[in-house]
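Following the hints, put chain B in place on chain A, whose structure we already have.
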Amino acid sequence: SQELEQSPQSLIVQEGKNLTINCTSSKTLYGLYWYKQKYGEGLIFLMMLQKGGEEKSHEKITAKLDEKKQQSSLHITASQPSHAGIYLCGADIPEKTSYDKVIFGPGTSLSVIP
Amino acid sequence: NAGVTQTPKFQVLKTGQSMTLQCAQDMNHEYMSWYRQDPGMGLRLIHYSVGAGITDQGEVPNGYNVSRSTTEDFPLRLLSAAPSQTSVYFCASSRDRDGGYTFGSGTRLTVV
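In the order they appear, the protein sequences are chains A and B.
Just so we're aligned: 208 in the numbering used here is position 59 of the first sequence, and the numbers increase by one with no gaps anywhere.
Just so we're aligned: 16 in the numbering used here is position 9 of the second sequence, and the numbers increase by one with no gaps anywhere.
Isolated chain B, as found in the complex:
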């Protein structure tokens, strides 16, 4: 099993550009989440999904969109990149709320 796959691993964007961070899991997990990790801030929840077609906002949703058209995929869209969005982004999935999350290896994004 590949687990949770995130692409790309590294990305540099110019301010104002848009892009999509990809996340795919092959474990048939219902729960998927996006987090950003910044020094001294820990992991902060951006958006999450409890199943295909269902998404909700986390702690820091502004500037990001998500959709969940299939169980496997949960892409994160940056609408107009800003330097404040420079961060490491992690996607995670879980079979149910009582299990631990499986994390992807992360996408390191720099916005200049």
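Chain A extracted, bound-state conformation:
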């Protein structure tokens, strides 16, 4: 979807390095989801952010939603080969007719070199 953009498109890091993936929207988001997809498999839900300024962490992954609720970042600390995959952000974008669908960004491909 063009309504959600992710950067970078792909990322190659050495094991142990920190990295950040960004997700931006031109519209205010109702909710922002982060998913991880291993190559050739389905998506795994990581976390959801709803409030402006909210920050959540799970193990070595931290996600933040900015105050305007238009940008989110996903930060991985001390990356490991198990972090490799495609990271997708998804969002509830309020519309006049429906609040009940989630759209996704194009994804960021992460490779971690041992």
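Please note: incorrect hints may appear among the correct ones.
As a list, the in silico BS3-like pairs of lysine-lysine whose alpha-carbon atoms are at most 30 Å apart [claimed, not checked]:
1. A:K200 with A:K176
2. A:K187 with B:K16
3. A:K200 with A:K187
4. A:K187 with A:K213
5. A:K187 with A:K205
6. A:K185 with B:K16
Beta-carbon label-pair distances, calculated as ranges [claimed, not checked]:
7. B:Q64 with A:K176: 11 to 21 Å
8. B:D63 with A:N167: 37 to 47 Å
9. A:K200 with B:V119: 47 to 57 Å
10. B:V119 with A:G189: 17 to 27 Å
11. B:N69 with A:K205: 20 to 30 Å
12. B:D45 with A:S206: 39 to 49 Å
13. B:Q64 with A:Q158: 22 to 32 Å
14. A:S231 with B:K16: 16 to 26 Å
15. B:S74 with A:G189: 38 to 48 Å
16. A:I193 with B:T14: 18 to 28 Å
17. A:K200 with B:T12: 32 to 42 Å
18. B:M48 with A:E190: 26 to 36 Å
19. B:T27 with A:E216: 40 to 50 Å
Honestly, the hints are just simulated from the structure, not real lab data.
Just so you know, even glycine gets a beta-carbon here, dropped at the ideal spot from N, CA and C.
Relative to chain A, chain B alone:
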């Protein structure tokens, strides 16, 4: 719990053929969606449902039909397959709009 089950996992169709991709969930989730994933395009929403008997179109609905006669099942029908429908299809379900979606493992469809 099986979660979200998609069948088949792989399918090859000839142009013009019709088929149904099956999706079933055993979590009593109200929300269900179908997405297609294409290289460089990310996930695009085809159709979604907020409960039995209620469906709506997503971003790319043309060429696809859905129905939701029960809470558990949300089949996706390809009316007349075209090569442009070659893709990986994912079904997802959620308890409510504030929770994350549970995704199926996908159906890889090739239309020749």
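Pairwise hint evaluation, K205 (chain A) against K187 (chain A), where the allowed Cα distance is 30 Å at most: Satisfied, since the Cα-Cα distance of roughly 22 Å is no more than 30 Å.
Take the C-beta atom of Q64 (chain B) and the C-beta atom of Q158 (chain A), compute their distance, and say whether it sits inside 22 to 32 Å. Distance hint for Q64 (chain B), Q158 (chain A) holds at roughly 28 Å.
Beta-carbon spacing of K200 (chain A) to T12 (chain B) - inside the hinted bounds 32 to 42 Å or not: Given range 32 to 42 Å: holds, Cβ gap about 34 Å.
For the pair D45 (chain B) and S206 (chain A), does the Cβ-Cβ distance stay inside 39 to 49 Å? Hint violated: Cβ distance 32 Å, outside 39 to 49 Å.
Given the hinted pair K185 (chain A) and K16 (chain B), is their Cα-Cα distance within 30 Å? Judged against 30 Å, a Cα distance of about 20 Å means the pair holds.
Taking 37 to 47 Å as the hint, is the beta-carbon distance of D63 (chain B) and N167 (chain A) inside that range? holds (41 Å)
Could you see if the CB distance from V119 (chain B) to G189 (chain A) stays within 17 to 27 Å? holds (21 Å)
K16 (chain B) and S231 (chain A) - C-beta distance against the hinted 16 to 26 Å: holds (24 Å)
Could you check the hint for me, namely that K200 (chain A) and V119 (chain B) are 47 to 57 Å apart, CB to CB? Check passed, 48 Å falls within 47 to 57 Å.
Determine whether the Cβ-Cβ distance between M48 (chain B) and E190 (chain A) falls within the hinted range of 26 to 36 Å. This hint is violated: roughly 18 Å between Cβ atoms.
Could you grab the alpha-carbon distance between K187 (chain A) and K16 (chain B) and see if it respects the 30 Å cut-off? Holds, because 16 Å separates the two Cα atoms, which is no more than 30 Å.
Would the pair K187 (chain A) and K213 (chain A) pass a check requiring their Cα atoms to be no farther apart than 30 Å? holds (22 Å)
Checked against the numbered hints listed earlier, the structure breaks hints 11, 12, 15 and 18; every other hint is satisfied.
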